[in-house]
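Protein chains: 2
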Amino acid sequence: MSYQPAEAPRAKAVALISTGTDLLRGRPIDTHLSSIAREVLPLGIEIGSHSTCPDDLEAIVETILAATSKAETVILTGGLGPTEDDYTRRAAERAFGRPLEFQPALWKTIRGRFRRFKIPIAAINRRQAYLPRGAWTLPNPNGSAPGFGIDHGGRFFFALPGPPHEMLPMLRTHVLPRIRGRVTFKLWESKVYGIPEGDVDEIVKPIVEKRSGASYGLSVSGGMVSVSVKFETGSPAPTVRLLEKALGIHLIGPWTLAEAVAGLLLKKRRTIAIAESCTGGQIASALTNYPGISKSLLEGWICYSNASKTARLGVPADLIRSRGAVSREVALAMAKGAATTAGADIGVATTGIAGPSGGSIEKPVGLVWHAVHYRNRTRAERRVFPGDRAAVKGRATNLALDLVRRALLE
Amino acid sequence: MSYQPAEAPRAKAVALISTGTDLLRGRPIDTHLSSIAREVLPLGIEIGSHSTCPDDLEAIVETILAATSKAETVILTGGLGPTEDDYTRRAAERAFGRPLEFQPALWKTIRGRFRRFKIPIAAINRRQAYLPRGAWTLPNPNGSAPGFGIDHGGRFFFALPGPPHEMLPMLRTHVLPRIRGRVTFKLWESKVYGIPEGDVDEIVKPIVEKRSGASYGLSVSGGMVSVSVKFETGSPAPTVRLLEKALGIHLIGPWTLAEAVAGLLLKKRRTIAIAESCTGGQIASALTNYPGISKSLLEGWICYSNASKTARLGVPADLIRSRGAVSREVALAMAKGAATTAGADIGVATTGIAGPSGGSIEKPVGLVWHAVHYRNRTRAERRVFPGDRAAVKGRATNLALDLVRRALLE
Numbered sequence: 001m002s003y004q005p006a007e008a009p010r011a012k013a014v015a016l017i018s019t020g021t022d023l024l025r026g027r028p029i030d031t032h033l034s035s036i037a038r039e040v041l042p043l044g045i046e047i048g049s050h051s052t053c054p055d056d057l058e059a060i061v062e063t064i065l066a067a068t069s070k071a072e073t074v075i076l077t078g079g080l081g082p083t084e085d086d087y088t089r090r091a092a093e094r095a096f097g098r099p100l101e102f103q104p105a106l107w108k109t110i111r112g113r114f115r116r117f118k119i120p121i122a123a124i125n126r127r128q129a130y131l132p133r134g135a136w137t138l139p140n141p142n143g144s145a146p147g148f149g150i151d152h153g154g155r156f157f158f159a160l161p162g163p164p165h166e167m168l169p170m171l172r173t174h175v176l177p178r179i180r181g182r183v184t185f186k187l188w189e190s191k192v193y194g195i196p197e198g199d200v201d202e203i204v205k206p207i208v209e210k211r212s213g214a215s216y217g218l219s220v221s222g223g224m225v226s227v228s229v230k231f232e233t234g235s236p237a238p239t240v241r242l243l244e245k246a247l248g249i250h251l252i253g254p255w256t257l258a259e260a261v262a263g264l265l266l267k268k269r270r271t272i273a274i275a276e277s278c279t280g281g282q283i284a285s286a287l288t289n290y291p292g293i294s295k296s297l298l299e300g301w302i303c304y305s306n307a308s309k310t311a312r313l314g315v316p317a318d319l320i321r322s323r324g325a326v327s328r329e330v331a332l333a334m335a336k337g338a339a340t341t342a343g344a345d346i347g348v349a350t351t352g353i354a355g356p357s358g359g360s361i362e363k364p365v366g367l368v369w370h371a372v373h374y375r376n377r378t379r380a381e382r383r384v385f386p387g388d389r390a391a392v393k394g395r396a397t398n399l400a401l402d403l404v405r406r407a408l409l410e
Numbered sequence: 001m002s003y004q005p006a007e008a009p010r011a012k013a014v015a016l017i018s019t020g021t022d023l024l025r026g027r028p029i030d031t032h033l034s035s036i037a038r039e040v041l042p043l044g045i046e047i048g049s050h051s052t053c054p055d056d057l058e059a060i061v062e063t064i065l066a067a068t069s070k071a072e073t074v075i076l077t078g079g080l081g082p083t084e085d086d087y088t089r090r091a092a093e094r095a096f097g098r099p100l101e102f103q104p105a106l107w108k109t110i111r112g113r114f115r116r117f118k119i120p121i122a123a124i125n126r127r128q129a130y131l132p133r134g135a136w137t138l139p140n141p142n143g144s145a146p147g148f149g150i151d152h153g154g155r156f157f158f159a160l161p162g163p164p165h166e167m168l169p170m171l172r173t174h175v176l177p178r179i180r181g182r183v184t185f186k187l188w189e190s191k192v193y194g195i196p197e198g199d200v201d202e203i204v205k206p207i208v209e210k211r212s213g214a215s216y217g218l219s220v221s222g223g224m225v226s227v228s229v230k231f232e233t234g235s236p237a238p239t240v241r242l243l244e245k246a247l248g249i250h251l252i253g254p255w256t257l258a259e260a261v262a263g264l265l266l267k268k269r270r271t272i273a274i275a276e277s278c279t280g281g282q283i284a285s286a287l288t289n290y291p292g293i294s295k296s297l298l299e300g301w302i303c304y305s306n307a308s309k310t311a312r313l314g315v316p317a318d319l320i321r322s323r324g325a326v327s328r329e330v331a332l333a334m335a336k337g338a339a340t341t342a343g344a345d346i347g348v349a350t351t352g353i354a355g356p357s358g359g360s361i362e363k364p365v366g367l368v369w370h371a372v373h374y375r376n377r378t379r380a381e382r383r384v385f386p387g388d389r390a391a392v393k394g395r396a397t398n399l400a401l402d403l404v405r406r407a408l409l410e
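Protein chains in written order, with our numbering: chain V, 1 to 410; chain L, 1 to 410.
No lab work stands behind these hints, which were simulated from the structure alone.
Take these hints with a grain of salt, some might be off.
The list treats identical chains as one, so a pair stands whether inside a single copy or across any two.
Simulated crosslink set (DSSO-like; lysine-lysine; CA at most 27 angstroms straight-line) [stated by the list, open to error]: (1) K363 - K118; (2) K295 - K363; (3) K295 - K267.
Here the structure is a predicted model, which is why all the values come from computation and not from measurement.
Work out the full structure, taking the sequences as your base and the hints as a guide.
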């Protein structure tokens, strides 16, 4: 076993710090890494490390020192509020040896905001008007906690508020422009659906390996494989064309499956109706995240009971009796019934056993039938998904959406 | 501004390390911190820090060294596969000065697994049979990558695979029993809905401050406030009773709103039907995550178009014309129509403008009407939610579920 020379993505990288004891207790799930990565990657900037530390002054100071020793730019989130356990200002004071100084102009802004919203200002809010010496204010139009930036001998430190809807606009407006000048690579990212990770690897590997200065990574989640290819030099275009051709119908693009399907529906001006049993509304909910989808999505039914499958979608009761509610025939009848009843071009349906109980040897937990009805043609797919109830719902939602996508692309 | 003595949760805490360049690129979102926190907190163990580092040998070694200097127990995830960039075994070798040694018994287990699944084994898989000297194997019944543990002079290091469905069973079976003996505190956690964070703080603060050895934290997400109270000594029961009484109807419990509502529906044997416009299936999808809910949830409709509100739910067309689709009257008619059509005890409905377009001065983006019909009584609530389309859908889903919860509790 040999030691490979380690790839060192640090020099041009950003170190990210999340503060918050609640994050270390797992609630809420920390989405800062993911959302900041999506902002900086298109600029050719990698996040080299991410640390989460508790609301504890010493721990934050140590984490800042460790991060600044490794990365040129450090972005920290949280701890900017007015209370005792909002330590970020004091941690920066200690880490950079820059004493906190009262900023009259900032105090005026803070008071103005309270006056505008007609909220009485508390004495503790004065703490938010202190910044480490030499820091500049990052205005926060979406909340009361201002951020700040420090240029510490060419190393940048940015402190941003914890709530994502305050943090992200501040990042985009006041942080990204400062670190933008360092683009060093291009990234191509896409999701791939319908073939296992190993097969994706076998397709991607030879194409990327032929291209000098390119490297790739794969990750899997809920049956969806994400591919990202990093190009250190030159244009990605020829390699991307090869990848697109080789991955073919399985290539979804950088968006989610629901976004891909919603985009196709609107582009092709097709209407859709949805009949869900075991996915329980998740297909409709995923599609309705897409702005403007009301032009295409006419109706949806959650038909848990057999009676509702018959009454709402016209699935013959004796078909359910003879084949069972979880069957190819009933899935197809649901899809057709949805399209016909709603007067939609496409009908999509799921029926299955999400678990944890209700399974049998013939029809185990995780069994789902998915069906699509489009242009008088129907197609159905059976699958037994692993995982718990939520996992089965999620995977069935993806497969149903993919059936619609393929039908639209044929 | 004074320096408070920092609370030091480290001594009894676990340090967590995630490895993976893909995680630092934000895909997938790293859920390890959240899911491991939920496992160890009930045992009285805090996670003192969490770091994510790239697939880079030096970075992993440094992160392990930093973590072991701070915490008695270090749990690392990822990097146990057979490929070149699976560095965890080599990083542990370096960090602890324990040379990798071939484990014939482990190699036999790995080969056996491949044979059982009739997959030809590659030469590189032999790498997975090397462990740092003195390490013990953590069997992986759910994947090909075995984990390992090291007792380094009383400090424990555990290396677990990255995929959550492999990591969590291994954590529960082979890690938690080893660190269980250190329970030092009790944690009470609950969600609170319907009052702002500041009001929750005003209620919780005086109760917790009166109790010695207790501290609390609040966090907010999507209009939901999470409260966690930590008791270092004694029984939490008297304080918890005070909190429960003071928070009253706003107290949801440790579960989600959808779980609370689903549990109430099943306990009280009430049936429900759902009519969703702007939430687009999200209410139904949230409820159907609950096992056994098919006993209570009869049917759901996603009625995006005005025509479908009339055809499926019997909302009078001239009511929609005169009041508008987004109105108290139409929301109430949808809720009643859903209950009546499905023959359910309860009907719940939403109609609103999720955005980003479609708003007016009178009816801005984010405006949602929520309605519940139960026992011949109806109630409706209007709200203008901030945030993007997904945020509006999520907040409206919560409020609609809370209306059902309150109706059931009256």
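Here is what the structure says about each hint:
1. For the homomeric pair K363 and K118, the shortest alpha-carbon distance between copies (24 angstroms) is at most 27 angstroms, but the shortest distance inside one copy (61 angstroms) is not.
2. For a Cα distance limit of 27 angstroms, the shortest separation of K295 from K363 across copies, 20 angstroms, qualifies, whereas the shortest one inside one copy, 37 angstroms, does not.
3. Taking CA atoms no more than 27 angstroms apart as the test, K295 paired with K267 passes inside one copy only; the shortest distance there is 11 angstroms, against 40 angstroms between copies.
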